[in-house]
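Novice: Given these sequences and hints, build the entire structure.
Here the protein sequences come in this chain order: A and B.
When we follow my numbering, the leftmost residue of the first sequence carries the number 191, and every step to the right adds one.
When we follow my numbering, the leftmost residue of the second sequence carries the number 310, and every step to the right adds one.
These are computed hints drawn from the structure, not numbers from a lab.
Nothing here was measured: the structure is a model prediction, and the numbers come from that model.
Keep in mind that a hint or two might mislead.
What the hints assert, rightly or not - The calculated DSS-like cross-link candidates involving lysine-lysine, where the alpha carbons are at most 27 Å apart (straight line), are:
id : chain 1 : residue 1 : chain 2 : residue 2
1  : A       : Lys491    : A       : Lys278
2  : B       : Lys388    : A       : Lys235
3  : B       : Lys528    : B       : Lys538
4  : B       : Lys538    : B       : Lys435
5  : A       : Lys224    : A       : Lys235
6  : B       : Lys518    : B       : Lys538
7  : A       : Lys491    : B       : Lys367
8  : B       : Lys435    : A       : Lys491
9  : B       : Lys518    : A       : Lys235
10 : B       : Lys435    : B       : Lys518
11 : B       : Lys388    : B       : Lys367
12 : A       : Lys224    : A       : Lys491
If you want the building blocks of each chain, they are given just below.
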Amino acid sequence: MGFEAELRHSGGSVEGDRPSTLATSSHPVTGWRKASYFLRALLAKPASALGFIIFTLFLLLALFGPLIAPYGVNEQIAADAGQPPSAKHWFGTDNLGRDVFSRVVLGAREILGLAGLGTAIAVFFGTTIGLATGYLGGWFDEILMRIFDGLLAMPLLLLALLLLGTLGPSKNSVLLVIIIVYTPIVSRVVRSAVLSVRQRGFIEAARLRGEHMPYILFREILPSVLPALAVEAALRFSYAIFLVASLGFLGVGVQPPSPDWGLMVREARNNVNQIPWAMYYPAAAIALIVIGVNLLADGIKRVLLESQ
Amino acid sequence: MLKYLLRRLGFLILTLLITSMVIFIVTQFLPGDVARVILGREAGEAALEALREELGLKDPLPVQYTRWLVNFIRGDWGKSYSTKTEIRPLVLGRLRNSLMLAAVILVISVPLAILLGVIAGLNENKFVDNVISIASLAVVGLPEFVTGLVLIQIFSFRLKLFPANSSIRPTTSFIEALPMLILPAMTATLVLLAYIARLTRAGVIEELKQQYVRTADLKGLPRRTVIFKHVLRNALIPTITVVAISMGWLISGLIVIENVFNYPGLGRLMVFAIDRRDLPLLQAVTMVAVLGFALSNLVADILYAILDPRIRLG
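Specialist: What follows is the structure in structure tokens.
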């Protein structure tokens with residue numbers, strides 16, 4: 191163990207630019223310090239700080255939505271249908287008498303959950319495939335990459351719609367579409383990051399001291415591709431939100447009576463002249479979260495680039 | 310140049326082949342039986358069997374794929390499940406509408422975006438640059454349907470300048486359609502503008518750092534000459550690629566925008582096909598869209614090679 195640690199340490203310092211994130215699990219103190227350093231660097235720029243605040247706000251809504259929302263998702267109060275915003279209904283009610291504020295609040299979990307889960311699974315698969323193909327190379331790598339080229343040769347939304355056309359519109363289909371569309375993209379990013387570190391000394395050292403492959407992939411290579419992966423994951427997440435909302439609006443994604451914001455905009459469109467608030471509040475929520483997550487992703491990218 | 314062109318063309322055909330396979334394979338995953346989708350729940354087993362035979366659904370997949378591809382190339386795109394009419398005239402009519410809209414969008418957005426990008430790049434980190442950068446960052450991420458609905462609210466409901474509904478007829482001429490094209494085009498322009506301007510800005514800033522700019526400055530050339538004769542010429546080359554990349558965005562964006570404004574283009578047809586589970590129609594629309602995407606990439610490659618000799622010679 192002592193020898194190994196020594197070797198790893200010297201490998202790290204010779205390479206210079208290798209992040210020492212390896213230490214996070216064994217020394218929680220350094221992990222916390224790192225996290226707080228990262229957060230401070232992130233909040234240093236007003237734009238990133240704004241993105242962070244917006245995102246945290248929506249995250250809290252997603253976590254505690256049911257405690258905040260005064261009414262149920264599909265609770266219909268027929269007598270109050272089409273009411274403008276008031277003290278009783280902050281964002282008014284829609285044509286069916288549902289409280290728009292409650293639906294917007296409860297929709298946060300819907301969109302963040304779907305986009306977050308889809309991105310997380312795609313990042314997991316993409317990372318595994320990217321690490322394996324980048325490290326192993328050969329025909330396995332060649333075939334997978336050609337298949338991915340074929341998938342990515344068309345615009346993303348086109349591929350997403352093609353998949354939805356066959357799967358049929360539903361929440362699970364949207365999740366599956368996010369995973370299918372993003373896994374190749376993440377794989378490619380991770381793979382090219384792996385290719386740039388594969389020949390480095392510390393990998394060679396690990397191989398020579400007889401480490402098995404999963405160890406080399408996840409403990410030696412993964413930490414060095416982590417910054418690239420983090421940036422990609424943040425970008426993917428922001429586009430996943432965009433995608434879920436757009437598919438909901440097109441009517442081919444999440445189906446009624448879900449409080450998906452894109453779907454709410456779609457349903458409220460027909461009555462926009464009489465009940466505009468039912469459309470504009472969910473639309474504003476989409477705009478706000480998309481801008482917030484974009485600013486945050488930009489900030490994460492900036493901090494990681496600066497620290498390199 | 311000819312060799313370069315042929316290589317790009319070969320690459321294009323290969324990409325299209327792979328994509329057509331993807332389109333075909335993906336559409337095979339449809340749960341359930343195609344024959345039942347067409348004939349409905351009450352159909353008898355004999356009728357189903359006859360239709361399966363007629364559609365060639367019992368052949369092995371590679372045979373079905375080859376037949377489908379050959380038919381597509383020959384111009385026989387089959388019949389739609391839902392409208393029971395020939396697919397080709399339907400798709401080509403919608404394609405014409407989408408191209409009309411795309412042309413208006415590109416004519417407005419590309420020159421404007423390049424202008425803004427150059428202004429921002431030449432004034433790096435000054436006030437003008439910050440305004441342009443922040444505005445474009447705010448707009449670039451917004452889903453097209455949000456932007457479109459806001460524009461409808463302002464220009465259609467409040468100011469009553471343009472119609473909110475762009476459902477033109479097949480017989481509508483370009484001039485007649487133009488007022489209805491303005492709002493959809495504005496929506497696309499807002500996003501495309503931000504996107505192209507940001508990348509043009511980066512190109513200009515990159516070029517300004519080059520040695521030859523300093524040389525030109527030091528030998529006493531007027532700033533105007535340095536910028537127009539040297540910097541812009543080089544900075545705009547990547548912009549052409551950017552325009553080509555944004556064609557991918559334009560296609561995705563058009564799908565959403567056409568649905569916001571009820572504009573009868575390919576994008577609305579695609580959503581219609583998904584709604585009705587109309588696979589042959591979905592396949593045809595996707596193939597045409599992918600073909601358009603690939604062709605625009607080819608045009609960009611050729612333009613790039615004409616402007617930058619290093620690419621076709623290297």
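Novice: Any hints this thing doesn't respect? Which numbers, in order?
Specialist: 1, 2, 7
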